[in-house]
Amino acid sequence: MAAASQVRRSTFAKVIALALAVIAALGFLIHLANAGHHRPEGAAERWLAAVSDTARKGVSTDARTRAEHIGPVAIAAPLLPPTPDTRHSQFDDLEVGKAVPAGTDTVRVPFRLHQRLSSGSGPLKQGTLVLHRTDTKWHVTALDARLPGEKVASEGGPRPSRAPLALWIGAIALGAVLAVGAHLITRYADLTARRAVRATG
Amino acid sequence: MARSDRYLRLLLILLISATFFEGYDSSILALLLPNIQSTFHVSEALLGLTRIPIELGLFVAFFVARLSDRVGRRPLLLWSVVGYTVFAGLTALSWNIWSFTFFQFGSRVFLGAEFSVAITMVVEEFPVARRARALGTLLTFEGLGTIMVAILLGLGLQEGRLDWRAFFLVGIVPLIVLTFLRRRMHETERFVQERERRERDDETQRTPFLAAWAPPYRRNLVLVGMVYLMRSIPFFGATAWWAYYAERERGFTTTEVAVYILVAYGIGCLGYYVCGRLMERIGRRPTAMIYFVGAVVFSVILFQTSDRVVSFFALMLAVGFGLGVQPVLSAFGTELFPTEIRGQAAAWVRNWFEIAGYVFGPALVGILGDHSTGAIGNIGDTVSLLMIMQLPGIFLIWRHMPETKGRELDEITPEEALLTEAPLS
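Top line first, the protein sequences correspond to chains A and B.
Its first residue numbered 1, the first sequence is counted upward by one per residue in our numbering.
Its first residue numbered 1, the second sequence is counted upward by one per residue in our numbering.
Do not take every clue at face value.
With the C-beta cut set under 10 Å, the calculated list includes, among others, these residues of chain A facing chain B [unchecked claim]:
1) Thr11
2) Ala25
3) Phe28
4) Glu45
5) Asp93
6) Ser161
7) Ile172
8) Ala179
9) Gly181
10) Asp190
11) Arg194
Reference excerpt, derived from the structure (chain B facing chain A, CB under 10 Å, subset only) [stated by the list, open to error]:
12) Leu31
13) Pro34
14) Leu90
15) Ala92
16) Asn96
17) Leu144
18) Leu152
19) Glu199
20) Phe209
21) Val227
22) Phe312
23) Thr373
24) Leu385
25) Gln390
26) Phe395
Chain B regions said to be covered by chain A (calculated; three or more residues, Cβ under 8 Å) [stated by the list, open to error]:
27) 238-249
28) 357-370
Hints listed in this document are in silico derivations from the structure and should not be mistaken for laboratory results.
Even glycine gets a Cβ: it sits at the ideal position worked out from N, Cα and C.
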């Protein structure tokens with residue numbers, strides 16, 4: 001255990017500080033990468049998820065506030081089951097498709113969901129939400145029937161978003177860089193340990 | 001030195017409760033969150049916030065687990081079981097979200113310590129010929145803990161008068177088992193010898209906080225820690241988000257998700273057992289590389305395919321390889337360190353490196369894959385891209401990890417690992 005005394009707390013503190021700095025830098029990079037993204041598909045999905053909870057015991061007020069922030073809950077009336085089960089969400093599942101432009105600052109987002117009844121999964125509801133952009137935020141303004149070609153991914157439609165090819169290539173390159181970095185860290189730990197062992201005889 | 005077969009069987013049964021409830025407890029929180037939210041009338045934002053202190057309990061577990069090098073494996077395991085049971089029971093009695101958060105934090109502290117000590121005890125007590133298989137069997141029960149939650153959900157335990165609270169009352173079972181069997185559990189012989197050596201040499205029983213970072217062990221600690229970290233970030237990101245991905249990006253119903261988890265997870269849990277047998281037969285390094293590659297390939301398929309049948313088999317194999325690699329990782333995290341710091345070294349790799357991935361993995365997927373504001377904008381591609389982080393782990397195992405197959409713990413010295421460039425054989 002004598003060797004243990006050779007580990008300086010100051011060195012350990014520096015390593016921890018370095019790790020925290022790396023985490024902070026990564027956080028900043030991710031924040032930069034995320035900046036400027038406001039997808040209508042995400043807004044439509046959040047609105048439907050919040051609407052789904054508007055009758056659930058204990059969370060209905062919070063859910064209603066979240067939904068109204070994106071669009072009036074009244075728009076969703078045709079989607080809700082006739083007698084809500086207050087122990088569960090009102091939709092058993094939900095999926096949104098890729099937004100289709102429908103004029104300046106307006107898009108149509110197809111969706112698909114099943115109502116939840118107290119007896120289990122209820123009827124399938126399909127349709128399209130119309131969203132309008134104000135500044136950078138998207139708001140649900142209407143519920144509409146689907147137009148031809150409007151499909152969600154599980155029905156064969158396009159996925160709302162895809163990582164570009166450059167990102168896949170970049171990830172592989174990053175993996176290689178990380179492998180080299182990890183190799184060098186291991187070699188460095190090996191080297192310092194050998195030195196210390198040699199120094200103590 | 002050798003323990004009887006009967007004792008080893010009993011020990012394994014006692015330790016199984018530690019791994020089983022680790023899987024069980026983590027899954028309750030993941031699967032019953034909406035019910036808990038509903039009971040305490042809290043917003044989604046507050047619910048997300050409370051997860052941070054709860055999961056920090058696993059980090060704090062490090063300070064408890066490292067005590068096993070000082071007070072012994074047996075007392076720490078027994079007190080951890082008592083601590084976990086008390087906090088699990090108290091969780092069932094929570095009166096608001098803050099009491100719930102505090103009790104879950106306490107529960108995580110003891111569960112994390114219990115898990116680390118259980119692995120150390122198996123590694124120290126089982127002879128080399130059966131060590132890997134015992135690890136495989138022990139860790140299979142972690143997966144079975146998750147399946148148990150799914151079964152209880154399917155049976156509608158949450159629909160009863162106690163709601164989600166009933167799930168936490170099940171956590172009292174380990175204490176009942178322990179009450180009857182605790183006297184038959186002994187301190188590990190390796191720890192007893194180490195304690196006698198310290199007393200003989202008049203060494204202090206206290207293990208310094210940074211003992212595992214001392215020069216002779218530093219290389220292996222850094223190496224094993226990085227392998228744990230690079231596996232845990234994508235792995236926990238994938239497990240935390242699969243159900244959400246399946247429902248929101250692939251159109252699965254909640255029932256389909258539950259069935260997939262139950263069946264594919266159930267079969268996939270065989271991966272633990274196979275891993276134990278394989279590392280005994282072909283060695284730790286080749287087994288780890290096969291499992292890492294399998295986890296990457298099948299996880300990428302799982303998060304890219306839209307075919308339900310392919311998805312089922314990919315989930316099964318991703319679970320089998322991704323979760324099933326635990327026995328070989330546990331071997332790396334314990335076998336490469338001497339008895340006097342084994343408990344602490346295992347706690348460092350698990351409660352620092354692995355828990356870092358447990359916290360950051362799901363957060364990274366959530367932030368980058370957010371459907372509205374994420375840079376990537378979908379969970380499937382985000383998880384698949386993160387899986388590439390496992391490549392450095394595979395490289396490190398191939399290039400640097402020592403092989404300990406067929407070697408008794410006393411034969412493996414850290415100095416030996418330092419003196420050779422090529423992996424030990």
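Hint by hint, here is what the structure shows:
1. Thr11: Holds. Min distance 9 Å.
2. Ala25: violated (14 Å)
3. Phe28: violated (12 Å)
4. Glu45: At 5 Å from the nearest chain B Cβ, A:Glu45 passes the 10 Å test, so the hint holds.
5. Asp93: Hint holds; A:Asp93 Cβ to chain B Cβ min 5 Å, cut 10 Å.
6. Ser161: holds (3 Å)
7. Ile172: A:Ile172 check passes; min Cβ-Cβ to chain B is 6 Å, inside 10 Å.
8. Ala179: With Cβ-Cβ at 4 Å, under 10 Å, it holds.
9. Gly181: Given a least distance of 8 Å, the restraint on A:Gly181 holds.
10. Asp190: holds (5 Å)
11. Arg194: holds (6 Å)
12. Leu31: B:Leu31 check fails; min Cβ-Cβ to chain A is 14 Å, beyond 10 Å.
13. Pro34: holds (7 Å)
14. Leu90: violated (21 Å)
15. Ala92: violated (18 Å)
16. Asn96: violated (12 Å)
17. Leu144: violated (27 Å)
18. Leu152: Constraint on B:Leu152 not satisfied, violated at 17 Å.
19. Glu199: violated (14 Å)
20. Phe209: holds (8 Å)
21. Val227: Hint on B:Val227: holds, closest Cβ of chain A at ~9 Å, below 10 Å.
22. Phe312: violated (15 Å)
23. Thr373: The hint holds - B:Thr373 has a Cβ within 10 Å of chain A, the shortest such distance being about 5 Å.
24. Leu385: The hint holds - B:Leu385 has a Cβ within 10 Å of chain A, the shortest such distance being about 5 Å.
25. Gln390: holds (8 Å)
26. Phe395: For B:Phe395, the interface hint holds, since the closest Cβ of chain A sits about 4 Å away, which is under 10 Å.
27. 238-249: Holds: 3 residues of the region 238-249 of chain B have a Cβ under 8 Å from chain A.
28. 357-370: Coverage by chain A holds for the region 357-370 of chain B (5 residues, Cβ < 8 Å).
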